[in-house]
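There are 2 protein chains.
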Amino acid sequence: MIYLDNAATTFPKPHEVYEEILNCMKNYGANPGRAGHKLALEAGRTIYETRENICKLFNIDNPMNIVFTNNATDSLNLAIKGLVNEGDHIVTTSMEHNSVIRPIKTLEKIGVSNTIVKCNESGELDVNDIKKAIKENTKLIVTTHASNVCGTLIDIESVGKIAREMNIVYLVDASQTAGVYNIDVKNMNIDMLALPGHKGLLGPQGTGILYVGEKINLNQLKEGGTGSKSEELTQPNIVPDKYESGTPNTPGIAGLNAGIQFILKEGIDNIRKHEEELTQYFLNELSLIPIIKVYGTKDAKKQAAVISINIGSQDSSEVSFILDSVFDIATRSGLHCGPLAHKTMNTLEQGTVRFSIGYFNTKEDIDKAVAALKSIVDEIK
Amino acid sequence: MIYLDNAATTFPKPHEVYEEILNCMKNYGANPGRAGHKLALEAGRTIYETRENICKLFNIDNPMNIVFTNNATDSLNLAIKGLVNEGDHIVTTSMEHNSVIRPIKTLEKIGVSNTIVKCNESGELDVNDIKKAIKENTKLIVTTHASNVCGTLIDIESVGKIAREMNIVYLVDASQTAGVYNIDVKNMNIDMLALPGHKGLLGPQGTGILYVGEKINLNQLKEGGTGSKSEELTQPNIVPDKYESGTPNTPGIAGLNAGIQFILKEGIDNIRKHEEELTQYFLNELSLIPIIKVYGTKDAKKQAAVISINIGSQDSSEVSFILDSVFDIATRSGLHCGPLAHKTMNTLEQGTVRFSIGYFNTKEDIDKAVAALKSIVDEIK
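If you're matching them up, the sequences are chains A and B in order. If you use full-length UniProt numbering, the first sequence corresponds to residues 1 to 381, in order. If you use full-length UniProt numbering, the second sequence corresponds to residues 1 to 381, in order.
These aren't lab readings, by the way, just hints derived from the structure by calculation. Possibly wrong hints are sitting among the right ones.
Computed list of lysine-lysine pairs in DSS-like fashion (alpha-carbon distance at most 30 angstroms, straight line) [claimed, not checked]: (1) B/109 / A/242; (2) B/273 / A/26; (3) A/135 / A/186.
Far from chain A by the CB rule (all over 10 angstroms, computed), these chain B residues [what the hints assert, rightly or not]: (4) 132; (5) 161; (6) 223; (7) 230; (8) 362; (9) 371.
Where is the CB? At the ideal position from N, CA and C, for every residue including glycine.
The following block holds chain A by itself, in its conformation from the complex (with noise of 0.2 angstroms):
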C-alpha cells in the first residue's frame, strides 16, 4: 500500500510515537490533574510536558495558553463561537474547510454576520481583499495556513499584519501546515492558533490544539470537572482549565509529544525540504502526462503538499477507486470538505483526486504513483 492521504490522517507514525502510547497506557494510564498519586502525577507531567514542546514549535511563551481539544475541528469552534457576539462580524476566506465555514454559518442564526473573501482559482488570496472585507464590527479574521483540497499557502503574516494594525483578533487554521511550515504566533501576529494533533505533528487521532493568545478570553463552550476549584458549581475563570473539560486523552497527548519530539529532532526545514522536493517532482511528472488537470499554484513553494488533480472528465472518486483497487494506492477523491474551495476551483460537480505526501513517503512512491496514472489515463485514451 502507497499510503498518499497524509492531509487527511500521516500515516505511518514514527515508532516512537507507537511506543510511548503504550507506554503511557502500561505505566502511567490514570487521570492527570485530579488525584495526587505516582501515576496521576505522571500523567499531569507528560501532558505539562507536551504543552511545553507545543510552545516550541510554535514560539509560545507560556505553556498555559496551549488548550487540548478533540482535534482541530473542536479547536475551531472553540475558537469562532468562543469570540464572537450577536453583532459581531467574521472575515474569512473561500479556501476555508468546512470546519470553518459551517460553525460561520451557522453564527448568522444569532446575528453574528460574515464576509468570505473569494481567492482566485488557484486558491490564492490578495491579501488586500482581507482589508477591505473589514468593518467596523469586525471581530475576528480567520484563514486557513493551505488548502486542504489544492495545498495553495496563505501568506499568514501579511494577514497577521493587517489584523494587528486594525485590531482584530487572527485564527489561522494550520491543519495542512503545522509540524511542516514556520510558524510563529509572535512574529505572525496569530491570535489564535488550531492544530490538528493527528496530521504533521504525527500525533494520533483524538488529538487537537488550539492556542489561545494571552490577551483572549473565549466563553468555553462546555463546563464540568476541570480537577481545579473543585467546590464551585461554576466553570473556573483559569487557563487552560477553563476550556478543558473531563479527562483528556492522556495516552494521545503522550503519543503526540513524541510526534512533536520527533519533528524537534528531526528538523522542521528538513521535513520541509523532503516534502517539498516531492511535491515538486510529481507537479513535474503530472505536468508531463496528457488529460490530466492538476489545480492549484503547480508550484511546490506555494503550497503544500497537497495536490489535486482530475483526469479529463473522469468521476473522481471512480478514479481513487481504481488507484486503490488496481494499484494499491490510497487518495481521497471527491469534494474534502471544502465546497467553497472546490466553487473557488470549478470542482463542484466533479470533485478531483487528492494525493497528499507525508515525511515518510518517498521518490519511488511518486513514481509509483505517476505510472499509475499514465495506466489510467492510456486505458482512457
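With the hints as your guide, set chain B onto chain A.
This is chain B only, laid out in the frame that chain A set:
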C-alpha cells in the same frame, strides 16, 4: 503499586485493548468515513462494529444512535445543552458530578431553570422527590446512575418510569456503572445515556459515548467536516454525523471496542459480582477500624465499587498522600468534582479519601489497603 482509583480511569486495561490500539495505528491508521481506500474503509468498519457492540451492552436497536465524543463530560454537555431552550426546566439531583451541574448552571444565563433534588446524607434519592420537582415546563430529568463520590446507586428504572409517564426526556450519567451494571435503555426508559469509554468499559482515555434515542433531536454544539453531504455549508441533519464533526479518535475507539468485547466475553454479571464482593469485603473490614468514617450506604448491593472514607478529622489529601508515598496505594482525595454531593454528605470541608475498585483488583489489594489504613490509624491514636 495498588491502583484503587478506577472511578477516575480503570487501570490496567485488558491486554487486548493495548493490542488493538496498536493494531489500528500500525495497520489501518487512516481517516474513517472520508476516503474510500482500504485503510479508510477498515477504520470505518471498526468504528461501526464498536457502535454495534455498544448496542449489545445497553439493548439499543440502532447503531446510528451511538455518538462518539471525547469523554462523558462532552456527552453530557451535548445531551443537556443540545436539548433545552430558553424557558425550559431541568430536574436533577444533589449527587451529580460537575459535568452535569456546571452545564446546568451555565444554562441559567439563557433562561433555563433547574431544580436540584436533595438526596439524603448517604446519597440516596427518594424518587418521589423527582416527581414532586417536575413542573409544566420540565423538559429534562438528568441523574447519575451511581455517585462518583460515595458510590450510592440511584434507582434509574423508577426515575425512567416517572419520566415516561410525564413525557419528559430522561438522561442518565452512567460514568460509574457502564460495563459493570446492567443498563437497558428500552426497559428502563432511558432516552439518552452518557458514558465514558475509559472507565468500566475498559477503553482508553479520549473516548466517550452518547446514546441519543430515536425520537430525540439535539442541536449540535459544533459543526465541521462530517464526510457526508460535503457540498453543504450547513451541518447535515443525519445521525450520528450531525453530532460527530472532525476526525474521530479511531485508535481510541478501536481500543474501546476491544474493551467492550472483553466485557461481553467475561460477562457483565461476573464483573459486577467480583466488584461487589471486594466492595462488601472492604466495607466489612473498614467497619472494624476505629475512627474511620465510611460514607454512603455501606452496602455493596446499594452502591458501585466506590468507597469514600475519612480518618477522624484528618485532612483527606494528607491521608491519600501517605497511602501513595508510604504504602504505594493510589486513591483520590478532596472534592472529586462533586461539590453538591459533598454538601449532601457533609464533607465539603474535609473532602474524602476515595477508594475505587476495578475488575482487576484482588482481595490481596483490599487486604493491603486495610492494613495501610490500620497503620495510619495506629499512628494517629
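inquiry  = Tell me the numbers of any earlier hints that the structure contravenes, in ascending order.
reply    = Numbers 6 and 7 - these are the hints that the structure violates, sorted from lowest upward.
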